[in-house]
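Asks: Protein chains in written order, with the UniProt record's numbering: chain A, 1 to 223; chain B, 1 to 223.
By construction, these hints were calculated from the structure, which means they are not laboratory data.
Please note that a few of the clues may not be correct.
Footprint (simulated), chain B over chain A, 3 or more residues, beta carbon under 8 angstroms [what the hints assert, rightly or not]: (1) 26-37; (2) 61-70; (3) 160-171.
Keep in mind that this is a model prediction, so the values were computed, not measured.
Cβ coordinates follow ideal geometry from the N, Cα and C atoms, glycine included.
2 protein chains.
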Amino acid sequence: MREVFKNELDAIADELVSMARQVTAAIDSATTALETNDLPLAEQVISGDASVDAMQAELDQKSAQVLALQAPVAADLRVIISALKMSVAIERMGDLARHIAAQVRIRYPEPAVPAQFSEVFSQMGRAAHRIGEAMITLLDDPGTAAVPMIAAIDEELDTLHLRVFTIIGELAAGDITPSQIADVTLISRYFERFGDQAVNVSRRVEYLLTGNWEPALSQRPQQ
Amino acid sequence: MREVFKNELDAIADELVSMARQVTAAIDSATTALETNDLPLAEQVISGDASVDAMQAELDQKSAQVLALQAPVAADLRVIISALKMSVAIERMGDLARHIAAQVRIRYPEPAVPAQFSEVFSQMGRAAHRIGEAMITLLDDPGTAAVPMIAAIDEELDTLHLRVFTIIGELAAGDITPSQIADVTLISRYFERFGDQAVNVSRRVEYLLTGNWEPALSQRPQQ
């Protein structure tokens with residue numbers, strides 16, 4: 001984000017990049033906790049999310065300071081407004097990683113994910129990692145290349161989300177319990193939303209770079 | 001919101017109230033569509049959501065204008081920053097109403113909700129209506145009374161969300177299909193998130209009124 005923010009806005013850019021790094025680390029740990037049924041790791045993701053929330057509060061405060069002290073206009077003002085919106089999306093990504101970790105804790109010592117779903121969730125976890133990395137790249141050094149990459153990985157996540165529903169639809173009676181079906185539905189939804197929020201961030205950056213505003217996810221097909 | 005925003009900020013307050021009215025009407029229609037398996041009504045909710053998105057874009061533009069032309073500081077600046085954040089939450093409430101309506105469309109002509117769940121979802125719909133109305137009241141004429149009311153209704157929604165998982169846990173094999181379990185899990189989640197977003201809005205208003213900032217939902221227990 002260096003070229004876009006420049007000078008005094010660097011602190012805000014740094015905060016966004018730090019938040020992006022933190023939520024990417026969180027989704028990685030949540031995925032590992034899910035794959036290995038690692039309760040301490042899940043606990044770590046859950047307790048660690050408070051610092052993402054604190055970062056959002058700090059970023060909002062810095063943005064308010066810049067607005068109050070420098071009264072930016074035009075491009076600089078757009079950057080601040082976008083940062084305020086992006087921080088909501090990134091903070092939410094931290095929540096979603098925490099929700100996945102919470103599923104591990106709720107079901108422990110049983111695994112949160114029945115065997116039929118372990119492969120698809122590992123794939124979702126890897127896609128979530130890549131979309132997090134692409135978001136860090138985009139915020140750290142924005143260029144149009146990361147925008148379509150994020151869109152492509154988000155489509156992968158949507159396809160995997162549909163795959164979860166296909167596996168659910170193919171279950172034989174008694175394969176897994178109704179509660180386990182509810183669990184995998186929610187976990188899949190959390191990964192899928194993680195991707196959506198990265199797209200929200202990338203749309204904001206694209207808007208800063210090009211001036212074109214796409215009103216995000218609202219018209220996309222559901223489930 | 002009249003006292004908080006005053007004068008030139010009135011346009012922004014009006015936009016927030018209009019958005020709140022629109023998403024409350026949307027959740028009402030989505031609930032009715034769910035209860036009566038009304039496809040045209042569901043379609044209306046789905047297509048109507050674009051106007052909520054447009055209202056958010058318009059509100060952002062107005063906020064940018066006020067920031068650029070008037071360089072507000074102190075309380076007025078906090079109001080604008082809060083409005084930018086609140087519009088994200090209210091827009092999301094519109095998405096959630098649309099997601100519920102989309103479930104009706106996806107399953108039509110089958111009902112989206114199996115008989116075992118119709119009562120709990122009607123209760124969730126009524127609670128979502130009340131939380132929407134409380135949010136309109138809060139934004140239209142802020143006072144501390146609406147804040148605890150929103151928190152209380154949100155707790156009702158959380159309790160009903162847990163009730164859905166209890167009903168799922170008590171299902172006998174073959175009562176409903178695995179796909180239906182996934183459906184009711186998501187519908188319940190959408191109603192529950194509708195409440196969370198109203199709480200996010202009320203926390204922002206409370207912050208404007210009192211200066212106390214509660215970092216929202218992040219520490220709340222999951223599922």
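Asks: So, for every hint listed, does it hold in this structure?
Replies: Here is what the structure says about each hint:
Proximity of the segment 26-37 of chain A to chain B, defined as three or more residues with a beta carbon under 8 angstroms from a beta carbon of that chain, is not established by the 0 residues found. Closer than 8 angstroms: that is the beta-carbon criterion, and the segment 61-70 of chain A has 4 residues meeting it against chain B, so the requirement of 3 holds. Only residues whose beta carbon comes within less than 8 angstroms of a beta carbon in chain B count, and the segment 160-171 of chain A has 4; three or more means the coverage holds.
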